[in-house]
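Using the sequences and the hints, build the whole thing.
There are 2 protein chains.
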Amino acid sequence: MVDNLNIPLPTWLTLFEKNYQACADIEAQMRFVIQAASKNIDMGTGGPFAAGVFQQDNHALVALGVNLVPSTGLSILHAEMLAISLAQQQLGTYDLRGHRLVCSAEPCSMCFGALPWSGISELVCAAADADVRAIGFDEGDKLPNWQQALEQRGIRVINAMQREAAVQVLKSYQQHGGEIYNSNAN
Amino acid sequence: MVDNLNIPLPTWLTLFEKNYQACADIEAQMRFVIQAASKNIDMGTGGPFAAGVFQQDNHALVALGVNLVPSTGLSILHAEMLAISLAQQQLGTYDLRGHRLVCSAEPCSMCFGALPWSGISELVCAAADADVRAIGFDEGDKLPNWQQALEQRGIRVINAMQREAAVQVLKSYQQHGGEIYNSNAN
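Sequences listed follow chains A and B, in order.
Numbering of the first sequence is given in the working numbering, commencing with residue 1008 and proceeding in unit increments.
Numbering of the second sequence is given in the working numbering, commencing with residue 1008 and proceeding in unit increments.
Treat the hints as calculated values from the structure; they're not laboratory data.
Note that the structure is a prediction, hence the values are computed from the model and not measured.
Take a look, some chain A residues computed to stay more than 10 Å from chain B by CB distance:
1) 1049
2) 1050
3) 1167
Simulated DEER-style distance windows between Cβ atoms:
4) 1100(A) - 1021(B): 21 to 27 Å
5) 1183(B) - 1050(A): 46 to 52 Å
6) 1145(B) - 1099(A): 21 to 27 Å
7) 1051(A) - 1062(B): 28 to 34 Å
Backbone N, C-alpha and C fix where the C-beta goes; we use that ideal spot for every residue, glycine too.
Structure (structure tokens):
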């Protein structure tokens, strides 16, 4: 038995975060997030996914997450879940209203379910669900109208921003033989 | 910026785990889990929910989780997510095939989505989704056929085991004025 759950972050991630310069342009925030997904492949620390929590008003980066499933052995550590948790730890509250989650790909079924609990106000995605499935990842059993369900809860959703750039990162992961980890499919 | 995500567990939880004596009876495992949910209320460490990961073959308890959302400020820390993560940390792998997740309540939309990624083979629940909603918690936007979706992935689902006992714990939380935390509803 253990008395804590401790998730060390890759050293590069903490350094990489410092490269972000607050910018009102959401496109710039997305470029930064997609670069983090690419770096996660290069560093061998996880799947080709990244997500950042940004303040909506001053555009500050609160936390950056990448997929750490294969390197930590924790299946919940999708980029979105890590970014949300790090932001909440940083702010000392589970309430992320007034924040935007910028993701290199649309959420899987787990991350979709996690969004309302985080209080996040806005979701911006690059690659589509279909793009992620195209390289072999399972996105889970999602509501067909998942975007509408989020919007009904007051979460603004923007899709397909810089989709092609994010797809290139997914393809690069596949071409380099990146692990398509999936306990359930085996 | 932080260089790790560290989630200290309540001291009582680590001690409480030691009370479990391996038993082939799933009903006994459920009683133990419901007791943990009740204890979580008494100790003021979170919502009225608990979950345990048990080995299917020898019935050993691998990890016990309780809801720690209000005490940690992390919205992903539902009992199921913590139990799964602690079990994976303990076993050094994200693959929990051959394990059973015993929960004091049916999974919310996030935990539903997390189950296939964990590889868990079996899910046993006590309180129903409707029981959880009845005391004011939001269960999220779930597929109407969520149980069937899990079974199609090879995850066996057993519902409503000791449902009344679990409902009593939920009602006790409500009667004691337990916090119905929900960033999104505010």
